[in-house]
Structure formats: structure tokens, C-alpha cells
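Colleague: Spelled out from the first residue to the last, the chains are:
There are 2 protein chains.
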Amino acid sequence: MSTQEAHPALLIPGPIEFDDAVLQAMSHYSESHVGAQFVSVFGETLTMLRKLFQNTDPAAQPFVISGSGTLGWDQVAANLAEPGDDVLVLHTGYFADSFADCFETYGAKPTQLKAAIGDRPQLDEIKKALKEKKYKIITVTHVDTSTGVLSEIKGLSELVHSVSPDTLVVVDGVCSVGCEEIRFDDWGIDVVLTASQKAIGCPAGLSIVMASGRAIETFKNRKTRPASYFGSWKNWLPIMQNYEAQKASYFATPSPQLVRALHTSLTQILSSPLEERFARHRDVSKKIKDTVTSLGLKQLASKPENQANGMTAIYLPEGVAAPQILPNLLKKGVIFAGGLHKEIATKYVRFGHMGVSVTDPNRTDIDRALDALKEGLAEVGYKA
Amino acid sequence: MSTQEAHPALLIPGPIEFDDAVLQAMSHYSESHVGAQFVSVFGETLTMLRKLFQNTDPAAQPFVISGSGTLGWDQVAANLAEPGDDVLVLHTGYFADSFADCFETYGAKPTQLKAAIGDRPQLDEIKKALKEKKYKIITVTHVDTSTGVLSEIKGLSELVHSVSPDTLVVVDGVCSVGCEEIRFDDWGIDVVLTASQKAIGCPAGLSIVMASGRAIETFKNRKTRPASYFGSWKNWLPIMQNYEAQKASYFATPSPQLVRALHTSLTQILSSPLEERFARHRDVSKKIKDTVTSLGLKQLASKPENQANGMTAIYLPEGVAAPQILPNLLKKGVIFAGGLHKEIATKYVRFGHMGVSVTDPNRTDIDRALDALKEGLAEVGYKA
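Chains as they are written, first to last, in the UniProt record's numbering: chain S, 1 to 384; chain G, 1 to 384.
Check each hint, because a few of them may be wrong.
To be verified - Think about it this way: if two alpha-carbon atoms lie no more than 30 Å apart in a straight line, the pair counts; the simulated DSBU-like pairs of lysine-lysine are:
no.: 1; chain 1: S; residue 1: Lys-131; chain 2: S; residue 2: Lys-51
no.: 2; chain 1: G; residue 1: Lys-114; chain 2: G; residue 2: Lys-133
no.: 3; chain 1: S; residue 1: Lys-223; chain 2: S; residue 2: Lys-287
no.: 4; chain 1: G; residue 1: Lys-303; chain 2: S; residue 2: Lys-247
no.: 5; chain 1: G; residue 1: Lys-136; chain 2: S; residue 2: Lys-234
no.: 6; chain 1: G; residue 1: Lys-347; chain 2: G; residue 2: Lys-128
no.: 7; chain 1: S; residue 1: Lys-109; chain 2: G; residue 2: Lys-303
no.: 8; chain 1: G; residue 1: Lys-234; chain 2: S; residue 2: Lys-342
no.: 9; chain 1: G; residue 1: Lys-347; chain 2: S; residue 2: Lys-136
no.: 10; chain 1: G; residue 1: Lys-298; chain 2: S; residue 2: Lys-223
Source of the hints: derived by calculation from the structure; they are not laboratory data. On a predicted model such as this, the values are computed, not experimentally measured, just so you know.
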């Protein structure tokens with residue numbers, strides 16, 4: 001059985017389509033998590049993550065832990081916030097509500113700064129909020145998977161460093177790392193958290209976090225113990241440092257197969273300049289968005305500057321519901337996702353365009369998806 | 001490349017050797033975590049776990065979450081204990097110390113009842129401890145991976161139900177589920193937590209937990225919110241119930257590839273009576289332990305009744321250290337693990353004998369390992 005036997009193209013905003021070599025790495029024969037071979041692979045993986053994040057400061061630390069992207073929230077809330085700390089959560093959809101809930105679990109006090117659906121909080125509002133209260137942490141969802149809204153990180157981070165320099169800048173990059181530009185050091189980011197199954201192109205099952213030297217210092221200076229056990233950097237920091245130094249180390253058993261798959265996908269990503277990868281995602285996204293517009297459809301993200309480059313959230317025509325059009329697209333060999341934003345879930349669909357579907361010239365996923373969307377809408381009586 | 005190209009036999013107490021079909025499932029093409037196909041596979045997997053645990057009470061609930069076995073500790077400590085609750089932790093090695101640390105993280109008060117290395121706390125001591133204080137939870141490591149000590153669950157659970165009937169019985173089955181008999185309902189167990197990469201025979205990356213109806217009720221009657229976010233049953237319980245009812249549901253993205261691999265391994269395990277599987281592990285373990293004894297070597301677990309059936313922890317002869325013998329065994333194509341118990345780490349090795357290495361009649365792993373051990377010891381000058 002080929003790993004890639006005929007199957008519908010998975011074009012949801014994660015998990016995405018994976019390269020053959022990545023899937024092949026998933027079926028690697030069993031090896032010891034503390035054996036020399038695997039230790040070397042894990043160490044290289046951590047070093048490659050620094051390159052992906054454009055990080056050269058050795059005081060920063062990448063973490064790769066079995067879990068989902070959500071575990072990254074716990075890592076931030078349990079290691080960087082302490083009970084009673086104020087946190088400013090920028091809201092661009094579903095995920096800010098959940099991240100805020102995570103902070104509350106660990107005793108921090110989140111304040112959400114909300115934008116209308118399809119928009120993002122503006123810098124002047126954020127500036128005002130930062131001046132009103134001392135926030136230990138500000139969080140931003142780089143790409144909100146529920147709305148396709150892109151936040152602008154560079155300018156935001158500059159603002160935070162200028163107005164509230166002690167505030168840690170935390171980026172939820174679950175749907176952005178690997179397809180949107182992120183310059184971890186240059187932009188002064190303190191944490192990016194992400195998952196393996198989106199633009200990084202490795203099956204789900206890994207929580208991936210990059211923490212700055214300042215974040216690690218903040219962690220080390222905690223007055224209270226980390227509020228999570230499995231997500232505690234007290235447990236994981238020495239392990240990650242040891243693996244990167246090619247030394248075996250044990251806290252909890254990592255997944256050799258998933259780490260090997262991540263190693264494979266990162267090797268592929270880093271074989272070309274990152275700038276080209278981001279440009280390619282921008283170009284394909286523009287083509288998709290132009291087609292969507294030419295069909296007379298609107299996006300949730302209404303302004304060009306806040307539209308993600310790895311996904312598009314598309315309002316369906318009046319009278320067409322997501323549960324009606326999605327099975328139609330599946331018959332044409334294309335899988336889109338339904339809506340996730342509670343208030344309007346059935347009124348829109350989400351089209352993920354990340355990773356090999358975008359970068360591999362041998363794949364026709366994107367063109368087939370656009371054709372399917374056109375035909376599918378025509379079949380339910382919609383005329384552009 | 002075959003998934004099983006020539007490689008040394010991995011005979012550590014997890015990860016273990018995996019079956020070809022299981023590894024092949026790891027490279028399944030990408031699919032949506034909320035698509036009908038995967039929802040069906042996940043639902044069946046949960047139902048099969050009930051069979052593995054010999055559970056028929058529908059009020060009980062299996063959980064499968066991306067993470068390592070350690071995440072099971074967080075699930076217990078964050079969902080069943082509340083701040084200030086007393087917990088009795090039976091100590092048979094390394095893992096009780098860590099589980100106690102996990103309880104402390106979430107505000108519970110663990111009391112450890114320790115046994116000498118290679119032994120386990122006795123029922124009369126446990127009875128005395130349970131009478132001295134009201135414990136919300138008692139935990140026992142079914143097989144302590146650091147020492148190879150087996151605890152007896154049936155009698156222990158009977159004792160707890162008789163002496164302290166409100167106390168929840170929590171079994172750390174990371175190194176026992178799939179190779180040691182566990183009758184979840186019959187024995188009155190409240191939680192068994194385990195991981196995928198040991199006797200269940202699926203690559204690492206999944207935390208697997210079985211909770212009784214009483215445990216779920218205890219959780220629902222909490223006065224405080226669950227103390228973990230990623231490990232919260234408030235977040236996961238409806239998801240697991242929905243998947244098992246074949247309904248798509250979302251809290252955090254599961255790993256379709258790992259769940260498919262687990263589905264494959266459980267299908268294989270359940271294709272024969274569980275009694276035969278446990279008997280086979282006991283028979284092979286006896287053969288290994290007899291050989292070890294005939295070589296004049298002693299085990300950490302000194303009494304036959306507290307020796308695990310899925311692993312053997314073997315004291316090396318005087319003057320032979322683990323870092324000396326392990327590379328020697330590797331050259332002969334066999335991987336054993338070094339010691340994990342801090343006080344005596346270099347003085348012993350651990351031999352895992354679980355899963356396909358034991359049950360697949362086409363595999364010669366165990367005989368090759370015993371030969372390698374004999375030859376390896378002879379080469380460093382040891383005579384039985």
C-alpha cells in the first residue's frame with residue numbers, strides 16, 4: 001500500500017497534506033528514545049527549529065513535546081504567568097477565548113481586547129490598553145484558524161516594547177509558522193507556540209514552542225512553582241538542552257516516529273530560502289483570494305492587510321449552508337473545513353493552503369480545489 | 001525502504017518492537033480529524049480499549065490524548081485531586097517520586113509508602129496507612145519500569161474498598177497494560193493510566209486513560225475547576241463521548257496517524273483471547289527469569305510474586321557496569337536499557353519482553369537476546 005494511495009486532497013487549515021518522505025518517516029522502525037541515533041535526530045530537529053524561527057540567540061530555547069498545539073497554551077500559562085498576573089489577550093476569533101480560559105485555569109487574569117468578526121484589534125487600541133494596566137504578557141493569534149484573520153506581529157511587538165517594555169510578547173503561531181514570515185529575534189518575540197500538522201507539514205502530535213532568553217529568565221525567576229506538571233519547563237528545559245547537545249536525557253518518552261517526521265519536514269523546508277517559501281504562500285493565497293472575489297464571494301477577513309496567506313475563510317452565498325456544500329466538494333475530491341466561529345459556523349467554509357499543496361509543483365491540489373468550488377456552487381444554483 | 005529494514009531488536013521496557021501493520025498505519029495519508037472516516041476509526045479505538053480493560057460499565061470512560069504516559073498523571077492529579085486532598089502513593093521505584101511531584105504541582109498532598117529496592121509495600125502496611133488518614137486517592141505502579149517490580153492489584157483494590165471505601169484506586173499501568181492481567185470492572189479499579197509504546201504495541205505519543213463511573217462522578221462533583229487545561233476532562237470528556245458515538249467533535253487536534261496505529265494494534269491484540277496473551281507473557285517471562293537465574297544473576301525484584309511479566313531488571317555481576325555491557329549487546333543486535341533507579345543506575349540492566357517480540361512466533365528476538373546476554377557477559381570475563 002502506498003502511503004499516498006488515491007485520496008481526496010485535504011485542504012482544511014490543518015492537518016494538511018504531507019509529503020511522501022514525511023509519511024515514510026512516520027513508519028520508521030522502533031528505536032530507543034535515549035539511543036545515539038535518535039538523540040542525534042532529535043538534537044538536529046531542535047537546531048533546525050531555530051533556523052525556521054530565524055533565531056540565533058543561544059539563550060532562546062525550542063521545545064518539542066508530545067501533545068497538540070493546545071499544549072503550547074499550557075506551557076505559556078503555567079510557566080510564564082503566575083497566579084494573579086494580568087494578561088492581555090488580543091481576540092480575532094475562537095482561539096483567544098480558549099487561550100483566555102487556559103490562563104484562568106492557572107490563576108492568571110486575562111483581559112480580552114476584541115475585534116469585530118473578520119477584523120483585528122488596532123494598534124491604537126492596544127496602546128491604550130497597555131497604558132491602562134501593567135500586563136505581564138500580551139498574546140496574539142498570528143493567524144486565527146477560525147476566521148482566517150492575520151495579525152501583524154512586527155509592528156505589534158515594536159509597540160509593546162516601546163509602551164510596555166516588560167510585557168512578554170507571545171504569538172500563537174499554530175496556523176502561521178511555516179507559511180507566514182516570523183523573525184523571532186529581529187522582531188523581539190518572547191514566545192511562538194505552534195503545532196506540527198499545519199504549515200510545518202508533519203502529522204499531528206507535537207507541541208512546538210520557541211521561547212526567548214527573556215522568557216526563560218522570566219520562568220527561572222518565578223516565585224511560585226510551574227502550575228503544570230506535564231507542561232513544566234522545569235521538567236523539560238534540561239531535556240531539550242541535553243538533546244540539542246546530543247546527550248540522552250529522560251523526563252517523559254518522546255515519540256521517535258513523530259520527531260523523525262518533523263526532522264524530515266524541517267529538512268525539506270530549510271532546503272530552500274525561507275523568503276521564497278513565504279513568497280510562494282503569498283502568491284498562491286492571492287490567486288485564491290482573487291478567484292474567490294471573482295466568484296462574487298466575500299471573506300471573513302475583510303481587509304487585504306488582515307488576510308492570512310495559508311488559509312481563506314469564505315462566506316457562502318445567501319441560502320447556501322456549509323453542511324450542504326462540503327459533501328459536494330468531497331465528491332469532487334476536495335476537503336474543505338466548515339466554520340468554527342460559533343456565531344456564524346454554518347455560513348462559511350475554510351480553505352487551507354499550506355505546505356506541499358502550495359510548494360510542490362507536481363501537485364494540482366489548489367487548482368482542483370478552485371475548480372471544485374466553482375462547480376460545487378454552480379450545482380447548488382449559485383451564479384457568480 | 002521497508003518499515004522493518006534490518007535493525008537491532010529493541011528490547012527495552014518501552015518503546016518496544018512494533019508490528020509491520022502498525023508501523024504502516026503510521027504513514028496513513030492525511031485525513032481530517034473531524035471527517036467521517038477518522039471519526040469512525042477513533043470511535044472504534046475507544047470501544048476496543050474498553051475490551052482491553054475488560055470494561056463493560058458504560059459509565060466508565062476511556063480517554064486517548066496526544067501526549068506521553070506522564071500526561072496520565074496530570075489527568076489524575078488535576079481532575080480527581082483538589083488542593084489539600086491527601087493521596088497515598090505506593091512506592092516501588094523512580095515513578096512514585098515523580099507521580100508524587102505531579103500531585104504536589106496541583107496542590108494535593110501526597111504521602112509515599114516506600115518499600116526497599118526490589119520490593120513493594122505490603123498489604124498490612126497499606127491497611128495501617130489507610131486507617132491512619134482519610135485518603136482521597138491511592139496510587140500504585142502496576143509494573144515499575146525502573147525496577148521490574150510487579151504490584152498485585154486485585155488484592156490491593158479489595159483491601160482499599162474494604163478499609164477505605166471512598167478512596168479512589170488509581171493504577172499506573174504504563175508498563176503493564178497489554179501484558180499483565182487487568183480486570184478493570186471486576187477488580188473495582190477507578191483509573192488505569194498508560195501509554196501507547198509499551199505492551200499495547202503502538203508508537204509513543206498517546207496518553208491512554210480508563211476512568212470508572214465513580215471517578216467521572218468524583219470529577220463532576222469537584223468544588224474547584226480542573227487544575228490543568230490541556231489535561232482537563234471538562235475539555236476532553238465530551239470529545240471522547242462524541243467520538244465513541246461516531247460524532248465529530250473538537251477540542252484539540254488529535255493525531256490521526258497515531259490513532260490509526262493504535263486501532264491496528266488493538267485489533268491485533270483483541271483477535272485472540274486476552275487470557276492467552278497474558279499467559280504467553282508469563283511463560284516467556286518465566287523462561288527469561290530461569291535463564292537469568294541459571295547464569296547466576298539476580299533480579300532487582302527478589303521474590304517471584306513481585307516480578308513483572310513484561311520486563312526483567314537484572315543486577316550485573318560485581319565489577320561489570322551497564323555502560324560496559326550495553327554497547328557489547330548492541331553489537332550483537334540487541335538493545336537493553338540501563339538502570340533508572342538513581343541509587344544503583346549503573347549496576348543493572350533492564351530487558352523488556354512485551355508485545356510482538358513475545359507473541360509473534362516468527363520473531364526470534366527473545367532467544368537472540370538471551371544468547372547475546374550469555375555471550376556478552378562471557379566476553380567481559382564473567383563465568384556463570
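Colleague: Does each hint hold? Answer for all of them.
Modeller: Taking the hints in turn, this is what the structure says about them:
With a CA separation close to 34 Å, the supplied pair S:Lys-131 and S:Lys-51 exceeds the 30 Å bound. Straight-line distance between C-alpha atoms of G:Lys-114 and G:Lys-133 comes to about 17 Å, which keeps the hinted pair within the 30 Å bound. Distance restraint check for S:Lys-223 and S:Lys-287: the Cα-Cα separation of roughly 51 Å exceeds the 30 Å cut-off, and the hinted pair is therefore not satisfied. Between G:Lys-303 and S:Lys-247, the direct Cα distance comes to roughly 35 Å. Violation of the 30 Å bound is thereby established for this hinted pair.
Restraint check for G:Lys-136 and S:Lys-234: satisfied, since their Cα atoms lie roughly 27 Å apart, inside the 30 Å limit. Straight-line distance between C-alpha atoms of G:Lys-347 and G:Lys-128 comes to about 34 Å, which puts the hinted pair past the 30 Å bound. Taken as a hint, the S:Lys-109 and G:Lys-303 pair is broken in the structure, with Cα atoms around 53 Å apart against an allowance of 30 Å. Straight-line distance between C-alpha atoms of G:Lys-234 and S:Lys-342 comes to about 19 Å, which keeps the hinted pair within the 30 Å bound.
Restraint check: the Cα-Cα separation between G:Lys-347 and S:Lys-136 comes to about 48 Å, which exceeds 30 Å; the hinted pair is violated. For the proposed pair G:Lys-298 and S:Lys-223, the alpha carbon gap of about 46 Å is over 30 Å, so the pair is violated.
In this structure, the earlier hints numbered 1, 3, 4, 6, 7, 9 and 10 are contradicted, and the remaining ones agree with it.
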